[in-house]
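Residue numbers (numbering that gives the first Met the number 0), protein chains in the order written: chain U, 0 to 312; chain B, 0 to 193.
Just so you know, the hints here were simulated from the structure itself, not pulled from any lab data. Everything numeric in this text was worked out from a predicted model, so none of it was measured. Mixed in with the good hints, there may be bad ones.
With a Cα cut of at most 20 Å, we get these calculated SDA-like pairs of lysine to any residue [what the hints assert, rightly or not]: (1) Lys-30(B) - Glu-85(U); (2) Lys-30(B) - Ala-288(U); (3) Lys-11(B) - Gly-114(U); (4) Lys-133(B) - Ala-288(U); (5) Lys-220(U) - Lys-11(B); (6) Lys-30(B) - Glu-129(U); (7) Lys-220(U) - Pro-109(B); (8) Lys-133(B) - Ser-299(U); (9) Lys-152(B) - Glu-129(U); (10) Lys-290(U) - Arg-136(B); (11) Lys-220(U) - Leu-40(B); (12) Lys-220(U) - Tyr-95(B); (13) Lys-230(U) - Ala-32(B); (14) Lys-2(U) - Asn-21(B); (15) Lys-125(U) - Ala-155(B).
Anything over 10 Å on all C-beta distances counts as not near chain B; from chain U, calculated [said to hold, decoys possible]: (16) Arg-23; (17) Met-51; (18) Asp-54; (19) Leu-147; (20) Arg-149; (21) Glu-151; (22) Gly-196; (23) Arg-236; (24) Ser-262; (25) Glu-268; (26) Ile-271; (27) Leu-304.
For glycine and all other residues, C-beta sits at the position ideal for the given N, C-alpha and C.
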Amino acid sequence: MNKERAVKPEALFPDVPQTVFLFRSCTGSLEYPGTESAVREVLKKLGIGVEMDPDQTCCSGYLLTCSGHHPQFSLAVTARNLAIVEKKGLDTFVFCNGCFGYNRELSHILLSNPGYLAAANASIAKWGYEYKGKTRIFHVQELYLRLLDRIEAMVERPLKGLRVGAHYGCHYLAQQYGILDEGGYPTFHEKIIRALGGEPVFYPERQACCGYSVGRGFTHKESLVQPHLVKKLESARDSGVELMTTVCPGCNVALDREQPNLSRMGKGEFAIPVIDLGQLIALAIGVPAGKLGFEANTVSMRKVLNKLGLEEK
Amino acid sequence: MSRERPRDPGDKAVDVYSLVPNLRECLACGKCAGSCPVAALSPSYNPRQIIRDVLAGNEERWLASEEIWRCFWCANCYTVCPADIQFPLLMMQLRYRALEKGFGLKYIVPFKRFALRAREDALTFAPGEKGREKIMRIRKGIGANPWPEVSEKARAEYRELFELAGVAEWLDEITSGEEKPVCLRYVEGRIVDE
Numbered sequence: 000m001n002k003e004r005a006v007k008p009e010a011l012f013p014d015v016p017q018t019v020f021l022f023r024s025c026t027g028s029l030e031y032p033g034t035e036s037a038v039r040e041v042l043k044k045l046g047i048g049v050e051m052d053p054d055q056t057c058c059s060g061y062l063l064t065c066s067g068h069h070p071q072f073s074l075a076v077t078a079r080n081l082a083i084v085e086k087k088g089l090d091t092f093v094f095c096n097g098c099f100g101y102n103r104e105l106s107h108i109l110l111s112n113p114g115y116l117a118a119a120n121a122s123i124a125k126w127g128y129e130y131k132g133k134t135r136i137f138h139v140q141e142l143y144l145r146l147l148d149r150i151e152a153m154v155e156r157p158l159k160g161l162r163v164g165a166h167y168g169c170h171y172l173a174q175q176y177g178i179l180d181e182g183g184y185p186t187f188h189e190k191i192i193r194a195l196g197g198e199p200v201f202y203p204e205r206q207a208c209c210g211y212s213v214g215r216g217f218t219h220k221e222s223l224v225q226p227h228l229v230k231k232l233e234s235a236r237d238s239g240v241e242l243m244t245t246v247c248p249g250c251n252v253a254l255d256r257e258q259p260n261l262s263r264m265g266k267g268e269f270a271i272p273v274i275d276l277g278q279l280i281a282l283a284i285g286v287p288a289g290k291l292g293f294e295a296n297t298v299s300m301r302k303v304l305n306k307l308g309l310e311e312k
Numbered sequence: 000m001s002r003e004r005p006r007d008p009g010d011k012a013v014d015v016y017s018l019v020p021n022l023r024e025c026l027a028c029g030k031c032a033g034s035c036p037v038a039a040l041s042p043s044y045n046p047r048q049i050i051r052d053v054l055a056g057n058e059e060r061w062l063a064s065e066e067i068w069r070c071f072w073c074a075n076c077y078t079v080c081p082a083d084i085q086f087p088l089l090m091m092q093l094r095y096r097a098l099e100k101g102f103g104l105k106y107i108v109p110f111k112r113f114a115l116r117a118r119e120d121a122l123t124f125a126p127g128e129k130g131r132e133k134i135m136r137i138r139k140g141i142g143a144n145p146w147p148e149v150s151e152k153a154r155a156e157y158r159e160l161f162e163l164a165g166v167a168e169w170l171d172e173i174t175s176g177e178e179k180p181v182c183l184r185y186v187e188g189r190i191v192d193e
């Protein structure tokens, strides 16, 4: 494992991969199907082949964050999913911070504990799987940054100074090693936003967690999550954020879906649309808005699309 | 780094009571508490205090507290920790222990339905009938398959692993009837939010 805390995208990918395995995100294909579609379109435009596999399942971290079961199950599921990718000789690219955190962490646990690895492999051997630890796990945003020059050159619809507030999401930056930034004061999303012609907004609660995780309504109590979200959204609104971006469909659910609830409870009016960074890149490099599934969003994208001279489908 | 040290190769099941082997390396610097969004709203939840108590053998009071169920799981504490302590794993460990002692069951009971549905779909967040229609409409609209392509093989194997690991069994044993009342207050001169 790379022991450098923060690494340059060129060090992560000395050579740009020709084909990647895209790890399906449950939330990104169900709650916001436009996310998966946007990521695929962006990679296609960047000339990178995308493979997915219907045999892949959920990463199953939800059982751990919700104390739903001891880790054995999630370890076996991780070994199974990654064994599928390994067989193709590809690296794994996720577009959800949850999938990133769990796949990274659980594969690390498997690979540093031979007993766990043997147990996980024993439970999946009868279907012909064996996880050896060859596939590396990346987040697609690492590829965006690596290919930022290419993306910048492809911008067809510059964002015209749209004020965009980034939300990094915790489970990418919580990795201790081999990520794009130390997590103290990350700026790579702002770099991407700027390259698209937008104006990044460094709102005070930019790095605050979405308060969500999968545990909403179970282990994550509204009485705590909501005041936290109010703090975050107020800070964004008061700094003039017109659009918020995420790199985790889970965060997107919390930040987008919760806004009408907060307003109903008299906790504040925000009306800040929240989309995936991949969707924003797709929009800027000319992917038709109709392919980006903005109708799945609770807070309408209309204003933003109008500003960019586009109609909402 | 102790978390890099391989365990005994004979170890097959994860020892959920020693998930943070380097806990003793805690410097008590308090960066965890300072960066914790939950502690900001609810100061009686204090990661540094929790570590001190666990190291001093006083974890029992936290098991019976509501505080351990407040963690957002954002891992800010881990991001800033100079000793590389994975505090979220300590939360996980305390929660497992609490459940065994009959505390916090009410948080898991509503989770059962969510987990059992995921078992069937090999996907989380799959909604009910009405939600499904909406998702399928949107997916069709953007030119995708109406439902995420998860094969029957994937679902069958996922279900089997779920059973093999005894997840359903474990969840079955958690019923709200056995819930013990939590004694919420670990205050010690601190502000309590409620």
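Results of checking the hints against the structure:
no. : hint                    : in the structure
1   : Lys-30(B) - Glu-85(U)   : violated, 39 Å
2   : Lys-30(B) - Ala-288(U)  : violated, 43 Å
3   : Lys-11(B) - Gly-114(U)  : holds, 5 Å
4   : Lys-133(B) - Ala-288(U) : holds, 18 Å
5   : Lys-220(U) - Lys-11(B)  : violated, 34 Å
6   : Lys-30(B) - Glu-129(U)  : violated, 40 Å
7   : Lys-220(U) - Pro-109(B) : holds, 12 Å
8   : Lys-133(B) - Ser-299(U) : holds, 16 Å
9   : Lys-152(B) - Glu-129(U) : holds, 17 Å
10  : Lys-290(U) - Arg-136(B) : holds, 13 Å
11  : Lys-220(U) - Leu-40(B)  : holds, 13 Å
12  : Lys-220(U) - Tyr-95(B)  : holds, 18 Å
13  : Lys-230(U) - Ala-32(B)  : holds, 18 Å
14  : Lys-2(U) - Asn-21(B)    : holds, 18 Å
15  : Lys-125(U) - Ala-155(B) : holds, 13 Å
16  : Arg-23                  : violated, 6 Å
17  : Met-51                  : violated, 7 Å
18  : Asp-54                  : violated, 5 Å
19  : Leu-147                 : holds, 24 Å
20  : Arg-149                 : holds, 24 Å
21  : Glu-151                 : holds, 25 Å
22  : Gly-196                 : holds, 24 Å
23  : Arg-236                 : holds, 18 Å
24  : Ser-262                 : holds, 20 Å
25  : Glu-268                 : holds, 21 Å
26  : Ile-271                 : holds, 19 Å
27  : Leu-304                 : holds, 15 Å
Of the numbered hints listed earlier, those contradicted by the structure are 1, 2, 5, 6, 16, 17 and 18.
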